[in-house]
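Visitor: Listed below are the residues making up each chain.
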Amino acid sequence: MAGHRGQNGAQEMAPAAHPGRSAAHVTVPTAHPGRSTAHETTPTARPRRNALTTGSTEDDPGSYRDALNSSLNKQWKEAMRQDYASLIENSTFTPVTNTNGMKPIGCRWVYKTKRNPNGTIRYKACLLIKGYEQIRAVGFDETYAPVGKLITLRYLLSFAVQNSYQIDHLDVITAFLNPEIYTEVYMQLPQGIEWLESTAMPTSNRDCFLRLNKALYGLRQALRPWHQEIDDFLQSIGFHHSQADISLYIRNAGVLILLYVDDILVFYAEEALENALRVKQRLILQYKMSNLGPAKQFLSLEIDRLADGTITLSRPGYISTILARFNMQDANLAPTPLHPKNRLNINTSDAEEEVD
Amino acid sequence: MYAAIGTRLDIALAVAALRRYNMKPYRVHLTAAKRVLRYLKATADVKLVFPSTTSTEASPLVGYTDSDYAGGRADRKSQGGHIFKVYGAPISWLSRKQGLVAFSTTEAEYIACSDATREAEWQIRLHMDVTGETVVPTIYCDSNGVLKTIYSAVSSPKTKHINIRYHISRDWQERRIVNFTDISTDDNLADIMTKALGPEKHQHFATSISLRSKL
Chain A
1 MAGHRGQNGA
11 QEMAPAAHPG
21 RSAAHVTVPT
31 AHPGRSTAHE
41 TTPTARPRRN
51 ALTTGSTEDD
61 PGSYRDALNS
71 SLNKQWKEAM
81 RQDYASLIEN
91 STFTPVTNTN
101 GMKPIGCRWV
111 YKTKRNPNGT
121 IRYKACLLIK
131 GYEQIRAVGF
141 DETYAPVGKL
151 ITLRYLLSFA
161 VQNSYQIDHL
171 DVITAFLNPE
181 IYTEVYMQLP
191 QGIEWLESTA
201 MPTSNRDCFL
211 RLNKALYGLR
221 QALRPWHQEI
231 DDFLQSIGFH
241 HSQADISLYI
251 RNAGVLILLY
261 VDDILVFYAE
271 EALENALRVK
281 QRLILQYKMS
291 NLGPAKQFLS
301 LEIDRLADGT
311 ITLSRPGYIS
321 TILARFNMQD
331 ANLAPTPLHP
341 KNRLNINTSD
351 AEEEVD
Chain B
1001 MYAAIGTRLD
1011 IALAVAALRR
1021 YNMKPYRVHL
1031 TAAKRVLRYL
1041 KATADVKLVF
1051 PSTTSTEASP
1061 LVGYTDSDYA
1071 GGRADRKSQG
1081 GHIFKVYGAP
1091 ISWLSRKQGL
1101 VAFSTTEAEY
1111 IACSDATREA
1121 EWQIRLHMDV
1131 TGETVVPTIY
1141 CDSNGVLKTI
1151 YSAVSSPKTK
1161 HINIRYHISR
1171 DWQERRIVNF
1181 TDISTDDNLA
1191 DIMTKALGPE
1201 KHQHFATSIS
1211 LRSKL
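The listed protein sequences correspond, in order, to chains A and B. Residues in the first sequence are numbered from 1 upward in steps of one, following the working numbering. Residues in the second sequence are numbered from 1001 upward in steps of one, following the working numbering.
Among the hints, erroneous ones may be present.
Stated by the list, open to error - Listed below are several chain A residues computed to face chain B (Cβ distance under 7 Å; list not exhaustive):
#1 Arg154
#2 Glu274
#3 Ile311
#4 Arg315
#5 Leu323
Claimed, not checked - Covered by chain B, according to a simulated footprint, are these stretches of chain A (three or more residues, beta-carbon under 8 Å):
#6 97–110
#7 289–295
#8 326–333
Worth flagging that the hints you see were computed from the coordinates, not collected in a lab. Keep in mind it's a predicted model, so treat the numbers as computed, not measured. Backbone N, C-alpha and C fix where the C-beta goes; we use that ideal spot for every residue, glycine too.
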């Protein structure tokens, strides 16, 4: 029970991107570094899966050194190579010569074993910038990027049922890498640069840093440029913010968009079908996106639509996972969450001993 | 507990009650936490349902508010809560220990009402943005004392001391932004946000807040 933080795949992959996120907050959509490699991304099979439901092993290497020393070092090296290649392909950074006054931020590799539902295992590596080393005022303009409220999602689901709206899901593949960043951020060379980088370049931090062109996971302002860009784009095609929740975009004629970082839900009335298709088309042309069809999963919540239009919302697998974590698979069942005579408010000084 | 935030409002009270002891749990709290998990195990297939049937309510937005007056507890603070439904499905809920000590049941209920009114404000705006229509939410409350205070613009000696910001409910009722309405305690869904109920009543309310394991 204690502390939900860090149990979510996304948070483990990108710990510094969301500092201070409390358990009560909506969590970031589950793990998927924007730059997912081609073999994991098919429009139908979601690349995104919660570490909780897919079961990640606990023996993932904690550092670059661990990865190279592990028995799976070949796999981890390949994973790093793939991640690095995708960063290069997106021109995420440019090498620059070290001059006085540059304050480079460190970076580190994060490793994760992922089990696909079909039983195969994939090894993922992700280069993170140590956003927590960023100092305010140095390349730190604005980090705020709004994320939708779950209440809005539930409101829209209820609205959709009542008014027979369809809900389609689009997923931006390289959300964080799309926009350029405008402040100067320098990063130290990643570990393994000597074998990752094929072209000749200085491999010592004394001589060379990387200047970031695009936001990288872990960077404090990673979300902000992306949000700015998608916001501009949506406004340019006729949407405006809701006053109540700025991640909700409204256009007259029965089309609504709920934006959650790199997840986009398009709600539309039956008679607005053509309109909605045009909107989707424009988004897909503008960004690298998967068209996932009718929404089935959003923020790791499963959305089911029944034949009569009813929608159900659930988190399948989550409960069995937490039961497993606390070794309670065989626990007796309880009819209610709190015992009717429960007095948690009793003065704890006369309760039994403190634990942990 | 993320599970409570996404779909499982039936454990919102338990989670709110236990969260306070996250930092320094005693054995009673661990036992209680395990009970929540044992309950979840028993109800693992429960889903939040957005029904296609039309609700019989006059307003598409309906709130329920309740409180559990805690004169006898160590810190004398009451538990307040509310549930809001849109078109028959719950979209927002709250269970929280009130920040100040209420002097009476009525006062605790009154504070819970002001929480609900403020939540309604946001949903009125959301509804306006999406549909272009002004909605006057029905907010159900099972305390006659509170309803009397809300309907009448005069302060009685019993409510005179209440902080002005809690009078938002009365103000908004008068301006017809919200519509507070009487409900019997047995039908007040917000009960599940404020009191540890027995199995039968809990089950009844869980079904009424659109949590179902079978459709």
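Visitor: Take the hints in turn and mark each one as holding or not.
Guide: Hints and how they fare:
no.: 1; hint: Arg154; in the structure: holds, 4 Å
no.: 2; hint: Glu274; in the structure: violated, 21 Å
no.: 3; hint: Ile311; in the structure: holds, 4 Å
no.: 4; hint: Arg315; in the structure: holds, 6 Å
no.: 5; hint: Leu323; in the structure: holds, 6 Å
no.: 6; hint: 97–110; in the structure: violated (count 0)
no.: 7; hint: 289–295; in the structure: violated (count 0)
no.: 8; hint: 326–333; in the structure: holds (count 5)
Taken one by one, the earlier hints fail for this structure at numbers 2, 6, 7, listed in ascending order.
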